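Peer 1: Protein chains in written order, with my numbering: chain A, 2 to 116; chain H, 2 to 116; chain Z, 7 to 164; chain G, 7 to 164.
These aren't lab readings, by the way, just hints derived from the structure by calculation. Please read these numbers as outputs of a predicted model, since none were measured by experiment. Please note that a few of the clues may not be correct.
Straight-line distance between alpha carbons at most 20 Å, and here's what the computed PhoX-like set of lysine-lysine pairs gives [to be verified]:
| no. | chain 1 | residue 1 | chain 2 | residue 2 |
| --- | --- | --- | --- | --- |
| 1 | H | Lys22 | H | Lys105 |
| 2 | H | Lys105 | H | Lys92 |
| 3 | Z | Lys85 | G | Lys21 |
| 4 | Z | Lys21 | G | Lys85 |
| 5 | H | Lys92 | H | Lys22 |
| 6 | A | Lys22 | A | Lys105 |
Pulled a few chain G residues facing chain Z out of the computed Cβ check, cut under 8 Å [to be verified]:
| no. | residue |
| --- | --- |
| 7 | Asp13 |
| 8 | Ile16 |
| 9 | Leu18 |
| 10 | Lys21 |
| 11 | Ser27 |
| 12 | Arg29 |
| 13 | Met31 |
| 14 | Leu35 |
| 15 | Arg38 |
Note that CB positions come from ideal geometry on N, CA and C, so glycine has one too.
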Amino acid sequence: MTAEENLPITIENSDGTTVLKPSGDVDLSGAPELRARIAEVFSDPPARLVIDLSEVPYMDSSGVATLVEGMQLANQAGATLVLAGMQDRVKSIFEIARLDTVFKIAEDLTAAKEL
Amino acid sequence: MTAEENLPITIENSDGTTVLKPSGDVDLSGAPELRARIAEVFSDPPARLVIDLSEVPYMDSSGVATLVEGMQLANQAGATLVLAGMQDRVKSIFEIARLDTVFKIAEDLTAAKEL
Amino acid sequence: MSETPPDLTIQLRSKPRLLSSVRGMVLSLTQRVGFDENACGHIALAIDEALANIIRHGYEHREEEPIHMSIWVLQGEAKGIRIMIEDEAEQVDPELIQGRDLEDVRPGGLGVHIMREIMDDCRFEKRQQSQGMRVIMEKYVNPGRPDGSSLPSSTQET
Amino acid sequence: MSETPPDLTIQLRSKPRLLSSVRGMVLSLTQRVGFDENACGHIALAIDEALANIIRHGYEHREEEPIHMSIWVLQGEAKGIRIMIEDEAEQVDPELIQGRDLEDVRPGGLGVHIMREIMDDCRFEKRQQSQGMRVIMEKYVNPGRPDGSSLPSSTQET
Ligand SMILES: Nc1ncnc2c1ncn2[C@@H]1O[C@H](COP(=O)(O)OP(=O)(O)O)[C@@H](O)[C@H]1O
Ligand SMILES: Nc1ncnc2c1ncn2[C@@H]1O[C@H](COP(=O)(O)OP(=O)(O)O)[C@@H](O)[C@H]1O
Numbered sequence: 002m003t004a005e006e007n008l009p010i011t012i013e014n015s016d017g018t019t020v021l022k023p024s025g026d027v028d029l030s031g032a033p034e035l036r037a038r039i040a041e042v043f044s045d046p047p048a049r050l051v052i053d054l055s056e057v058p059y060m061d062s063s064g065v066a067t068l069v070e071g072m073q074l075a076n077q078a079g080a081t082l083v084l085a086g087m088q089d090r091v092k093s094i095f096e097i098a099r100l101d102t103v104f105k106i107a108e109d110l111t112a113a114k115e116l
Numbered sequence: 002m003t004a005e006e007n008l009p010i011t012i013e014n015s016d017g018t019t020v021l022k023p024s025g026d027v028d029l030s031g032a033p034e035l036r037a038r039i040a041e042v043f044s045d046p047p048a049r050l051v052i053d054l055s056e057v058p059y060m061d062s063s064g065v066a067t068l069v070e071g072m073q074l075a076n077q078a079g080a081t082l083v084l085a086g087m088q089d090r091v092k093s094i095f096e097i098a099r100l101d102t103v104f105k106i107a108e109d110l111t112a113a114k115e116l
Numbered sequence: 007m008s009e010t011p012p013d014l015t016i017q018l019r020s021k022p023r024l025l026s027s028v029r030g031m032v033l034s035l036t037q038r039v040g041f042d043e044n045a046c047g048h049i050a051l052a053i054d055e056a057l058a059n060i061i062r063h064g065y066e067h068r069e070e071e072p073i074h075m076s077i078w079v080l081q082g083e084a085k086g087i088r089i090m091i092e093d094e095a096e097q098v099d100p101e102l103i104q105g106r107d108l109e110d111v112r113p114g115g116l117g118v119h120i121m122r123e124i125m126d127d128c129r130f131e132k133r134q135q136s137q138g139m140r141v142i143m144e145k146y147v148n149p150g151r152p153d154g155s156s157l158p159s160s161t162q163e164t
Numbered sequence: 007m008s009e010t011p012p013d014l015t016i017q018l019r020s021k022p023r024l025l026s027s028v029r030g031m032v033l034s035l036t037q038r039v040g041f042d043e044n045a046c047g048h049i050a051l052a053i054d055e056a057l058a059n060i061i062r063h064g065y066e067h068r069e070e071e072p073i074h075m076s077i078w079v080l081q082g083e084a085k086g087i088r089i090m091i092e093d094e095a096e097q098v099d100p101e102l103i104q105g106r107d108l109e110d111v112r113p114g115g116l117g118v119h120i121m122r123e124i125m126d127d128c129r130f131e132k133r134q135q136s137q138g139m140r141v142i143m144e145k146y147v148n149p150g151r152p153d154g155s156s157l158p159s160s161t162q163e164t
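Chain A on its own, in the form it takes in the complex (with noise of 0.2 Å):
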């Protein structure tokens, strides 16, 4: 299995804010991939990124280690870094974790725009 079918991820750009939606698990084999793609926007910081989990039905610590990281970048970068449409197993993971008061975290794509 190639790292694209480990965790594949889309990319939108538009008015200032990416939105990065992957599609699947992400844990020790798709965070990975999430994390390269998250430097990628970093190289060249939007206003807001916007990481839509909506697809994603299981998270583990390697993926909210690269959620921290991102949101590192991001204030490094002067930028916004919002968690979108997370699914409710996801969420326990951020609970248990003590960080669902750290992220911004967004109910969909319409509110993470809003933020």
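On the provided structure of chain A, position chains H, Z and G with the ligands as indicated by the hints.
Peer 2: Positioned in the frame of chain A, the structure of chains H, Z and G with the ligands alone reads:
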């Protein structure tokens, strides 16, 4: 785990129709419970037995064998056996076993009572 | 090819209530390998039938007997999965392991038929010990065979 | 109790892409044992974290190394599940296996914390061989402990 935990089955009677509704996988572990309930029903045969499969996400050949047995009991008793609300994944095994034309199959409970 | 060590091996005891765990594993694995949802469900069914037959026929419903599964994820051109399932029950002539005529509707006699219909390859053997049978099954994501994709995929309507 | 033979044992190689198969198995098994949906997901997460740590720290991302899992379904009063996961990597002092302070938000350092938070029991040991670590985790359906059900269950709203 007790037999009940393996496959919970509810039973309802009205107007000569008995409805058996298993909730769970009808595999080698759940089929014996369904077999026992069908046998019970035919100890005092109703005019019609509907087996509501809407809450059965999985069935293997033990389940299918149990239903074929049920059909034979129904035929002996001059009763009608109808399978209702079958999920697609379950339908597939009836097709592989070429039994999709042998059973009376109804979309849902309402349709089953009109067959 | 069977000489490559398997990616996963599983030992389970012959308890019917463990079958759903094996199916859960197989569903996730086959999805990962790239099978479509329909094929994933079918492969889980074929493996479930093989295990159920060992419990019923090999071990006559004794619940503490060992079953050994080995799974290879097949890469490259023939992308797919190979599963070997072995028991320690009395050996039988592999020729005798076959289902009933499908026209003859009666309870039972479907398991082996289902396994053969679903998998691209399915063969029974005696193990090289004095005890135990083995079944080896293979299924490819894109079987380059004319009959490869002839399985009925379930339809929306009755 | 560990002397009873396990209901299931699994050997897998240290490939990240096999983790989803183990989760699929654990989800089906825990559902069967009687855990609620939330708990099933949590247990799968704890086991995934244990395996990921072995791959990352024990085997430093080498993909062909062996991992051994043993699973017991616990019956009777203390209904639940026990999982033992063993590797053949270099031994480390079990005391050193611990996560970061949760207040100190930075990438990493969450896995062990998650395992301890989810499971009713979680302990690391050196194996009795010269190589390899072991983690043993237990979770009960109805933990008779005051803190047993204190895990956040995810909510509908943000
Ligand atoms: N693992 C096995 N060990 C020994 N005999 C088997 C095994 N699997 C199948 N058989 C034989 O093959 C026959 C057909 O099996 P199957 O098609 O699954 O139908 P059924 O199990 O309902 O009889 C069985 O009746 C049995 O005699
Ligand atoms: N299986 C293991 N083998 C060796 N060391 C481990 C293992 N699991 C965890 N550790 C050690 O414990 C530390 C904390 O692990 P964890 O909480 O999962 O965070 P992270 O893996 O992100 O560092 C690791 O950094 C590592 O030093």
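Peer 1: Could you run down the list of hints and mark each one as holding or not?
Peer 2: Hint check:
Distance hint between lysine 22 of chain H and lysine 105 of chain H is fulfilled; the C-alpha atoms sit about 16 Å from each other, no more than 20 Å. Taking the CA atoms of lysine 105 of chain H and lysine 92 of chain H, the gap is about 13 Å. The hint holds against a cut of 20 Å. Between the alpha carbons of lysine 85 of chain Z and lysine 21 of chain G the distance comes to roughly 17 Å, so the proposed pair stays at or under 20 Å and holds. Note on lysine 21 of chain Z and lysine 85 of chain G: the hinted pairing holds, with a Cα-Cα distance of about 17 Å set against a maximum of 20 Å.
Taken as a hint, the lysine 92 of chain H and lysine 22 of chain H pair is honoured in the structure, with Cα atoms around 17 Å apart against an allowance of 20 Å. With a C-alpha separation of about 16 Å, the suggested pair lysine 22 of chain A and lysine 105 of chain A falls inside the 20 Å cut-off, and the hint holds. The interface hint given for aspartate 13 of chain G is met, as the beta carbon of that residue sits about 6 Å from the closest beta carbon of chain Z, less than 8 Å. Hint status for isoleucine 16 of chain G: holds, given a least beta-carbon distance of 5 Å to chain Z, under 8 Å.
The interface hint given for leucine 18 of chain G holds, since its Cβ lies 5 Å from the closest Cβ of chain Z, which is under the 8 Å cut-off. Annotation: interface hint on lysine 21 of chain G holds; nearest CB of chain Z at approximately 7 Å, less than 8 Å. Because the smallest distance between the Cβ of serine 27 of chain G and any Cβ of chain Z comes to about 4 Å, under 8 Å, the interface hint for this residue holds. For arginine 29 of chain G, the interface hint holds, since its Cβ comes within 8 Å of a Cβ in chain Z; the closest pair sits about 6 Å apart.
Interface hint at methionine 31 of chain G: satisfied, since its Cβ lies 4 Å from the closest Cβ of chain Z, which is below the 8 Å cut-off. For the restraint placing leucine 35 of chain G at the interface with chain Z, the shortest Cβ-Cβ distance is roughly 4 Å, inside the 8 Å limit, so the hint holds. Proximity of arginine 38 of chain G to chain Z holds as hinted, the smallest CB-CB distance being about 6 Å (cut-off 8 Å).
When held up to the earlier numbered hints, the structure conflicts with none and fits them all.
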